[in-house]
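Colleague: Letter by letter, the chains look like this.
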Amino acid sequence: NAGVTQTPKFRVLKTGQSMTLLCAQDMNHEYMYWYRQDPGMGLRLIHYSVGEGTTAKGEVPDGYNVSRLKKQNFLLGLESAAPSQTSVYFCASSPLIEDTQYFGPGTRLTVL
Amino acid sequence: GESVGLHLPTLSVQEGDNSIINCAYSNSASDYFIWYKQESGKGPQFIIDIRSNMDKRQGQRVTVLLNKTVKHLSLQIAATQPGDSAVYFCAGTWGEYGNKLVFGAGTILRVKS
Chain A
1 NAGVTQTPKF RVLKTGQSMT LLCAQDMNHE YMYWYRQDPG MGLRLIHYSV GEGTTAKGEV
61 PDGYNVSRLK KQNFLLGLES AAPSQTSVYF CASSPLIEDT QYFGPGTRLT VL
Chain B
1 GESVGLHLPT LSVQEGDNSI INCAYSNSAS DYFIWYKQES GKGPQFIIDI RSNMDKRQGQ
61 RVTVLLNKTV KHLSLQIAAT QPGDSAVYFC AGTWGEYGNK LVFGAGTILR VKS
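If you read the sequences in order, they're chains A and B.
Residues in the first sequence are numbered from 1 upward in steps of one, following the working numbering.
Residues in the second sequence are numbered from 1 upward in steps of one, following the working numbering.
If you are wondering where the hints come from, they were derived from the structure by calculation, not from laboratory data.
Any given hint could turn out to be false.
Claimed, not checked - In the DSS-like style, the derived pairs of lysine-lysine whose C-alpha atoms are separated by at most 30 Å in a straight line are: (1) B:Lys56 / B:Lys71; (2) B:Lys112 / B:Lys56; (3) A:Lys71 / A:Lys57; (4) B:Lys56 / B:Lys42; (5) A:Lys70 / A:Lys57; (6) B:Lys68 / B:Lys56; (7) A:Lys14 / A:Lys57; (8) A:Lys14 / B:Lys42; (9) B:Lys112 / A:Lys57; (10) A:Lys9 / A:Lys71; (11) A:Lys9 / A:Lys57; (12) B:Lys42 / A:Lys70; (13) A:Lys70 / A:Lys9; (14) B:Lys71 / A:Lys57; (15) A:Lys71 / B:Lys112; (16) B:Lys42 / B:Lys112; (17) A:Lys57 / B:Lys42; (18) B:Lys42 / A:Lys9.
Full structure from sequences and hints, please.
Modeller: Okay, structure coming up:
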């Protein structure tokens, strides 16, 4: 099993550009999550999904959209990137409620 | 709001010594806690978890203690090794379905050889 994978690993955007981050998991997990990690701070939940076709807002959802068209994939979109969205983005998945979340390797995004 | 935080941002220990990393939380409703280890350039890696009906849980070289009275948990690493050097995060669940994690800011553990 590859576990949780993320593409791309690195990306540089200009302000106003759009992009989509892809997360894939091969563990048949129901729940998937997108976090951002900023220096000196813990991970903060952006959006999450409790199953295929569902999405919900986390702590810091503004400026992001997500989609879960397939159970194994969870996409994070930035429609109009801003410098404040410069961060490292982590995807995670878990099989059940209140279960361990397994994280991907992260995507480092810089918005100029 | 909900929060999970750490007392010490950086901890330096000598190789072979025991390490203790502390974490305080504010949400009384949190009933599941996890410790993660994050090495440079990598995603968080699960270390150990504990549910609120327990006050202690042991793994391989690691022990988590939970004190619900004072809303405090700690991670103890026995015989700390250079490979233990990383950032350690505590996290607690919240939300209607208990499936959302709130993370502390992290503690840097440095192991001196």
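Colleague: Give a verdict on every hint.
Modeller: Evaluation of the provided hints:
no.: 1; hint: B:Lys56 / B:Lys71; result: holds (14 Å)
no.: 2; hint: B:Lys112 / B:Lys56; result: holds (28 Å)
no.: 3; hint: A:Lys71 / A:Lys57; result: holds (18 Å)
no.: 4; hint: B:Lys56 / B:Lys42; result: holds (28 Å)
no.: 5; hint: A:Lys70 / A:Lys57; result: holds (18 Å)
no.: 6; hint: B:Lys68 / B:Lys56; result: holds (11 Å)
no.: 7; hint: A:Lys14 / A:Lys57; result: holds (25 Å)
no.: 8; hint: A:Lys14 / B:Lys42; result: holds (25 Å)
no.: 9; hint: B:Lys112 / A:Lys57; result: violated (42 Å)
no.: 10; hint: A:Lys9 / A:Lys71; result: holds (22 Å)
no.: 11; hint: A:Lys9 / A:Lys57; result: holds (24 Å)
no.: 12; hint: B:Lys42 / A:Lys70; result: holds (26 Å)
no.: 13; hint: A:Lys70 / A:Lys9; result: holds (21 Å)
no.: 14; hint: B:Lys71 / A:Lys57; result: holds (27 Å)
no.: 15; hint: A:Lys71 / B:Lys112; result: violated (44 Å)
no.: 16; hint: B:Lys42 / B:Lys112; result: holds (22 Å)
no.: 17; hint: A:Lys57 / B:Lys42; result: holds (25 Å)
no.: 18; hint: B:Lys42 / A:Lys9; result: holds (11 Å)
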